[in-house]
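> Sequence:
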Amino acid sequence: DGRVDRWEYYPSEATVAKTGLRPFQAPERVERATRYDGKVSRWEYFEQGALVRVEEDTDGDGKIDKWETYKDGSLAEMALDTDHLGKPSRRLIYKSDGSLDHVETLH
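At position 62 of the sequence shown the residue is numbered 62 (this note's numbering), and the sequence of numbers has no breaks.
These are calculated hints, taken from the structure and not from any lab test.
Model, not experiment: these values are computed from the prediction.
All C-beta atoms, glycine included, are put in the ideal place defined by N, C-alpha and C.
Take the hints with a grain of salt, since some may be wrong.
List time: in silico DSS-like cross-link candidates among lysine-lysine, alpha-carbon distance up to 25 Å [claimed, not checked]:
| # | residue 1 | residue 2 |
| --- | --- | --- |
| 1 | 63 | 95 |
| 2 | 95 | 66 |
| 3 | 87 | 66 |
| 4 | 87 | 71 |
With beta-carbon atoms standing in for the labels, derived distance ranges [to be verified]:
| # | residue 1 | residue 2 | range |
| --- | --- | --- | --- |
| 5 | 85 | 49 | 14 to 22 Å |
| 6 | 95 | 38 | 32 to 40 Å |
| 7 | 38 | 99 | 21 to 29 Å |
| 8 | 29 | 60 | 28 to 36 Å |
| 9 | 101 | 37 | 33 to 41 Å |
| 10 | 40 | 97 | 26 to 34 Å |
| 11 | 48 | 84 | 18 to 26 Å |
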């Protein structure tokens with residue numbers, strides 16, 4: 001994030017006199033290059049350290065085509081753009097135990 005995480009102070013005797021650390025802060029967003037091409041293709045969003053949603057470009061065309069929503073640490077919903085129109089065309093709804101509940105077709 002470009003901010004100093006650790007710093008040390010050395011007086012003239014070359015021994016550490018003081019060390020400081022920035023308090024840990026859970027990320028709000030993590031960007032990942034999942035296609036091994038160096039381009040970000042997955043964005044993970046967190047609230048209070050918990051994953052709440054993900055957006056992903058699964059086919060490398062530069063457009064988001066997969067959306068995931070998490071509740072209490074589990075996948076609750078996945079939406080997919082299977083028509084390449086920039087919006088979900090199918091939605092998979094999951095039960096709290098992680099099993100698939102039903103699929104919706106959106107048009």
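> Give a verdict on every hint.
Hints, one by one, checked against the model:
no.	hint	verdict
1	63 x 95	violated (28 Å)
2	95 x 66	holds (19 Å)
3	87 x 66	holds (9 Å)
4	87 x 71	holds (22 Å)
5	85 x 49: 14 to 22 Å	violated (34 Å)
6	95 x 38: 32 to 40 Å	holds (37 Å)
7	38 x 99: 21 to 29 Å	violated (36 Å)
8	29 x 60: 28 to 36 Å	violated (21 Å)
9	101 x 37: 33 to 41 Å	holds (35 Å)
10	40 x 97: 26 to 34 Å	holds (32 Å)
11	48 x 84: 18 to 26 Å	violated (35 Å)
Figure legend: structure checked against the earlier numbered hints; hints not met, in rising order: 1, 5, 7, 8 and 11.
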